[in-house]
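Assemble the whole structure, with the sequences as input and the hints as a guide.
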Amino acid sequence: MKNGKILVAPAMLWLSLFFAIPMFIVVAVSFASRTPYGQVIFNFTLANYQRFLEPLYIRIFIDTVFTAFVTTVITFAMGYPLAYCITKLPHKWQQPGLILVMIPFWINFLIRSYAWVIILRSQGLINTLLLNLGWISQPLALLYNDYAVMLGMVYALLPFMVLPIYVSIEQLDARLLEAASDLGAMPFTAFRKITFPLTLPGVAAGSILVFISALGMFVVPDVMGGAKSALIGNLIQNQFLSARDWPFGSALSIVLAILALVLIVLYYKAIQKQEGGGRNEEKLA
Amino acid sequence: MKKNWRSSALFAYALAILAFLYLPLLILTLYSFNNSRINAVWAGFTFDWYLALLHNRRVIEALTNSLVIATISTIISTVLGTMAALALNRYKFKYKAVINGLLYLPILIPEIVMGLSLLVLFSQASVPLGKSTLILAHITFCLSFVIITVNARLEGMHKDLEQAASDLYATPWQTFRYITLPLALPGIVAGALIAFTLSIDDFIISFFVAGPNSTTLPLYVYAMVKRGISPEINALSTVLMFTTISLIVIAQVLQPQHSTAKKKTE
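Read top to bottom, the protein sequences are chains A and B. Taking our numbering, the leading residue of the first sequence gets 6, the next gets one more, and so forth. Taking our numbering, the leading residue of the second sequence gets 6, the next gets one more, and so forth.
Worth flagging that the hints you see were computed from the coordinates, not collected in a lab. Built from N, CA and C at the ideal position, the CB exists for glycine as well. Don't take each hint at face value.
What the hints assert, rightly or not - Cβ pair distances, simulated, as ranges: (1) A:F74 <-> B:G216: 31 to 41 Å; (2) A:L135 <-> B:V132: 49 to 59 Å; (3) B:R63 <-> A:D178: 50 to 60 Å; (4) A:G189 <-> B:V244: 49 to 59 Å; (5) A:R56 <-> B:R63: 34 to 44 Å; (6) A:K97 <-> B:H60: 13 to 23 Å.
This is the structure:
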């Protein structure tokens, strides 16, 4: 036990010092105010949170939630069939298939967004192609708008959706599907009534991962979005690096972090409930 | 017949999505060899942009910074993380909730929040931003990943060998040195590779805690992307991309095939 404490202490001290304490300081700063030169003054105020309720910021917040929501829906529509196909591959191809989906996830958001800039910009691949084919006479404005941001988000976050769904389909009890087909269910009915409902926890996990990541994203809108496509991540980045309004930026990031954590807690609650329910059903059976 | 038609359509859809994932990366790679500075049209094959990188003093400086920061962060986070994983795997601790919070929250919290919280910490403590703050930040976000990766390996290990060693009067140190460490090594190496990749690749957190003389490769790419398109960025991005891919493939090969191994024993 004594050994254990000595071994675990350095890592935990490190995380306390460079993770927990900074978080507490950010909370403190979010209730502070600043001098005109950007110096933080610690006098308790709610002004930063009140400012968040101004129409301009509420608008950005709604835009962010909307973009994150649409991104989640599209990644689900793309990710579920992809994950399903991987589970249907011969066993030895499943791991490579999964790695193939996960590789882009490890490549920098920045580089992946930039790859789309090359394709979509006015002298980019698509516009050059269409111009040369004579289908258009003016380059299309494919980049620097909200659609480009959503495309970039979907592209960046798709692997987050695929992995949890793959795991949940792979863990599905194959006997249930056999039973369904023995009882005369068509494959699609079996999918609709058995596979899909039982893999919903995976869908929920993937959706939470995508939604939370999309909420905090600032690289994609920064590189692919136009002047009006600022999301909450860009707003936070701005408060810290150009506007030098750290108290307001801190308040925004606390709102973002709390939103993310609430979603994660709700997810765990839902999962625990379902596992409990599943156990009861087994008992009944 | 109907079923066949359905499953082929499904596989075609999946292939189209894979193409969606890989085509942009492929196009980026191709353009890095394109012998044209501004055009999107193919103008012949060239290595010039890669050679230009080698002669670009700022790229070399950014590369050196990235490598130094990643190496130091990897060593420290792997040592601290492996120690912690060994202890967490072996002993029961009080305050489990606090430990889990410290372990998982850095992964769950949005990266931008972690980045700015470190910026606030360093500025309140009057630590000047630079390579040292980058290293401190990188160790912090690598640590949880190392602990989780090493722990996964330790959980997949059988305890019999360690038991046998101590039955045969091996000292705890000998058991650790000759049994536990070699068995855990693939997990430790995988953890170290993940830490190295995360560090080399990090943009968001570095963006907040870097100083004027501590530009890393991703920060340099960002500065170039903001300035506009150039074939050098294509080349640099391609180099970064393939470095990441190779590191990840190696880490994957070293990691235990957790889910499949479990299935076979059931």
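Evaluation of the provided hints:
Our hint of 31 to 41 Å for A:F74 and B:G216 holds, since their Cβ atoms are close to 38 Å apart. Here the CB-CB span from A:L135 to B:V132 is close to 52 Å, well matched to the stated 49 to 59 Å. In this structure the hint that B:R63 and A:D178 lie 50 to 60 Å apart at CB holds, the actual value being about 57 Å. Separated by about 57 Å at the C-beta atoms, A:G189 and B:V244 satisfy the suggested range of 49 to 59 Å.
Taking 34 to 44 Å as the suggested C-beta distance range, the pair A:R56 and B:R63 conforms, at roughly 39 Å. At roughly 46 Å, the beta carbons of A:K97 and B:H60 sit outside the given window of 13 to 23 Å.
Violated hint: 6 only; the structure is consistent with all others.
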